[in-house]
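Engineer: Given next are the chains, with one letter for each unit.
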Amino acid sequence: MSDTLVQISNAVIEGRVKDAPGLTHNALQAGLTAKDILDKGLMPGMDVVGAEFKKGKKFVPEVLLSARTMQASLDILKPLLAEAGAKMTGKVVVGTVKGDLHDIGKNLVGMMLEGSGFEVVDLGKDVAPEKFVDAVKKEKPNIVAMSALLTTTMRSMGHTVTALKEAGLRDAVKIMIGGAPVTADFAAQIGADAYAPNAPAAAELAKKFVSA
Amino acid sequence: MRVNYQTNVTPRMQVVSTDQIEQIVYAAMDVLQNTGTLVYQQEALELLRDAGCVIKDENLVFIPAALVENSLRSAPSRIVIAGRNREKRVALEKNRIFYGTGSDCPFIIDPHTGQRRRYTFEDVYRAAKIADALPNIDFHMSLGLTSDVPIGTYDRHQLYAMMRGTSKPFVITANDREGLSDQYEMACTAIGGVDEWKRLPMFVVYIEPSSPLSNSVEAVEKLLFSAERDIPAIYTPCPISGATAPATMAGVMVQCLAEFFTGLVISQLKKKGAAVIMGGVTSLLDMATTVLSYGAPELSLISAAMTNVAQYLKLPMFSTAGCSDAKMLDQQAAIEAAISIAIAGLSGANLIHDVGYLESGLHGSYDMLVMSNEIIGMVKRILRGVTVDADHLAVEAIERVGPGGHFLTDDHTLQHFRSEFWMPELLDRSNWDVWEANGSKTLRERVHERVLDLIENYQPEPIPAEIDSRLKLIIARADELHEGEEQIALV
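If you read the protein sequences in the order shown, they are chains H and C.
For what it's worth, our numbering labels the leading residue of the first sequence as 1, then goes sequentially.
For what it's worth, our numbering labels the leading residue of the second sequence as 1001, then goes sequentially.
Simulated from the structure, these hints should not be mistaken for lab results.
Some hints could be false.
If the Cβ cut is set under 10 Å, some of the chain H residues that face chain C in the computed set are [what the hints assert, rightly or not]:
no.	residue
1	Glu62
2	Arg68
3	Ala72
4	Leu74
5	Ala86
6	Met88
7	Thr89
8	Leu108
9	Ala128
10	Thr152
Listed below are the simulated EDC-like cross-link pairs for lysine to aspartate or glutamate, each with C-alpha atoms no more than 16 Å apart in a straight line [said to hold, decoys possible]:
no.	chain 1	residue 1	chain 2	residue 2
11	H	Lys55	C	Glu1425
12	H	Lys54	C	Glu1022
13	H	Lys54	H	Glu130
14	H	Lys57	C	Glu1425
15	H	Lys18	C	Glu1425
16	H	Lys208	H	Glu52
17	H	Lys18	C	Asp1410
18	H	Lys55	C	Asp1410
19	H	Lys35	H	Asp75
20	H	Lys207	H	Asp185
21	H	Lys54	C	Asp1411
22	H	Lys91	H	Glu119
23	H	Lys140	H	Asp126
24	H	Lys18	H	Glu52
25	H	Lys87	H	Asp171
26	H	Lys140	H	Asp171
27	H	Lys58	C	Glu1046
28	H	Lys91	H	Glu14
29	H	Lys57	H	Glu119
30	H	Lys18	H	Glu83
31	H	Lys35	H	Glu130
32	C	Lys1198	C	Glu1185
33	C	Lys1270	C	Glu1046
34	H	Lys140	H	Glu119
No residue lacks a Cβ here, since even glycine has one placed at the ideal position from N, Cα and C.
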């Protein structure tokens, strides 16, 4: 592997956001493709970060810093990837469901997904079922990810699944849900595809969905 | 500018006021002057007589207050020890706390078979290894009593097992003066000689008078020898409230202090400036079971109050925590360990020992030691207190993030979360599904896995071969002298 790619991996691992654009430009000038930089520089770096997180050597703020470093590079690479017809890992629409203003968990999932190479469309909080439907039509994501903190707003997840079914979009996407009161049983009950107990697990689950 | 501004860097706890401390000290002086104390060792009796004490019936000594006060003036307020790794230092000075194990428990629950049996040399070595690996254990006592070696020389074998397992400093026990002398020689061998010992001793010796108010030949001989050789000594009574001491908290304190003062006076008469650490394992006789309780709240209360007295007297304090009356690592053990560790830490006692004791001090438990290490980490985080300054007030960060934003990716979070948050290693904070996916393990199971991992994989700093063979020679010399003596019953 070239030195430039190693440097990019290390910048991601160490969370050096400011170094990312310069290193990315260098790599492009050296003749590497955007796809190479993503697959052989950025992603291996994030894999190391993910492994360190699992071992308890890195913690959430540091993982997010690495994800931001990767984003700083991707800002440059995205147009080039599109031009070349190369794809990101996948696309995820995320949102906190209707009636719920608690978005820290959803934000965490979003950032973890970005760190895993996903393109994330964040619909924000208090997102009504029809807004999810519109976003699926417009963005054509691989995955819809919903979050709720309250037992009272959990039901809205079911309403969103129903709305996607009625719009004929249910089979176009995988649906994953999460949040403190949510369980795997609940996911099955409302017809979602899966439940993730925390943000890193959500990112892993999303990777499984797109590679399946 | 800010004026009349006071800071409280760490949380504070004070059990007794200065006025109350003085009243307790005067009461202890009153006991020594009017009730007297029994001393059975000849040289000490002569030293005391020469210093102006009245002695009746050969052994009953009446110590005047002035002699106690003079002794308090000459004893050092600061004592520093270090392990065979000279960097592993414990500086006993006011407001600094250090946690360590206890010593000489007869029983262990075998970590592999679960059988309760007697401690062996190998068990003591493993205890030291585990203590070496735990970051919140600063000094080590044997935890168990080596019972597969000759009884007359168990203490040399035990020290050797401890030295093999850890390079941290020790509090040791000794059979008698001769056992202490051999261990002193072993330590000097390990650290490079007598001069190095004088600069930075490798261990403190634990010496216990007999409550109420009696000082055995062995205890006093060890005390005299330690003064002579610059071995810091803990003179630590073990008054049992309601049995060998009064049933009132203040009464135990008075008697315990009078007993400690006796040791202090003898050591200072032997050598002015000898290093003495104030002690006292101050608990009670459980009136339902007749057991000396190691989990009683009174133990923590009196120990903290005695620490206040030691601080007033400007002497280092030996205290007690991380111990329990529970028979195994269960909920009772966790409650008693947590409360005692928190209170002893808050009190500011210097050497906080007995971490790892179960079964009222009869069972030295690796599991209890590993769990307590985690509790100490938690407690130390609380004791570090709240830092209040412009950076920590974070007004700028709050402004930057603004209403409705989040702090997860703010630089302020990155800068501070590692130092401001304590990160558990064994306590589980995951949610149900993750916990279930990881095997639905209780704390007890996770602790035991860590114990087995340390026994299997942890490698302590080895003793250089040349020093190791000299240590073995000292032990062999002692064994030869005690040949033919019985061993501790191994059943």
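Engineer: With 10 Å as the cut and Cβ atoms as the points, is Ala128(H) at the interface with chain C?
Structural biologist: violated, 19 Å
Engineer: Need the status of pair Lys35(H), Asp75(H): alpha-carbon distance at most 16 Å?
Structural biologist: holds, 13 Å
Engineer: May I ask you to test the interface hint for Thr89(H) with respect to chain C, counting a Cβ-Cβ separation under 10 Å as satisfied?
Structural biologist: This interface hint is violated because 20 Å lies over the 10 Å limit.
Engineer: For the pair we were handed, Lys208(H) and Glu52(H), check the Cα-Cα distance against 16 Å.
Structural biologist: Distance ~20 Å between Lys208(H) and Glu52(H) Cα, so the pair is violated.
Engineer: Hey, Lys18(H) versus Glu52(H), does the alpha-carbon distance stay inside 16 Å?
Structural biologist: Not satisfied, since the Cα-Cα distance of roughly 22 Å exceeds 16 Å.
Engineer: For the pair supplied as a hint, Lys54(H) and Asp1411(C), confirm whether the alpha-carbon distance does not exceed 16 Å.
Structural biologist: violated, 22 Å
Engineer: Measuring from the C-beta of Leu108(H) to each C-beta in chain C, is the shortest one below 10 Å?
Structural biologist: holds, 7 Å
Engineer: Is the hinted pair Lys18(H) and Glu1425(C) satisfied, with a Cα-Cα distance of at most 16 Å?
Structural biologist: Measuring from Cα to Cα gives roughly 33 Å; hence the hint is violated.
Engineer: Would you check the hint for Lys140(H) and Asp171(H), treating anything up to 16 Å between C-alpha atoms as holding?
Structural biologist: The hint holds at about 12 Å.
Engineer: With the threshold set at 16 Å, check whether the alpha-carbon distance from Lys140(H) to Glu119(H) stays at or below it.
Structural biologist: holds, 11 Å
Engineer: What's the verdict on Lys58(H) and Glu1046(C), does the C-alpha distance respect the 16 Å limit or exceed it?
Structural biologist: Since the Cα atoms of Lys58(H) and Glu1046(C) sit roughly 65 Å apart, the hinted pair is violated (cutoff 16 Å).
Engineer: Has the given pair, Lys18(H) with Glu83(H), been kept, meaning a C-alpha gap of at most 16 Å?
Structural biologist: violated, 25 Å
Hints 3, 4, 5, 6, 7, 9, 10, 12, 13, 15, 16, 18, 20, 21, 23, 24, 25, 27, 28, 29, 30, 31, counting from the list given before, are not met by this structure.
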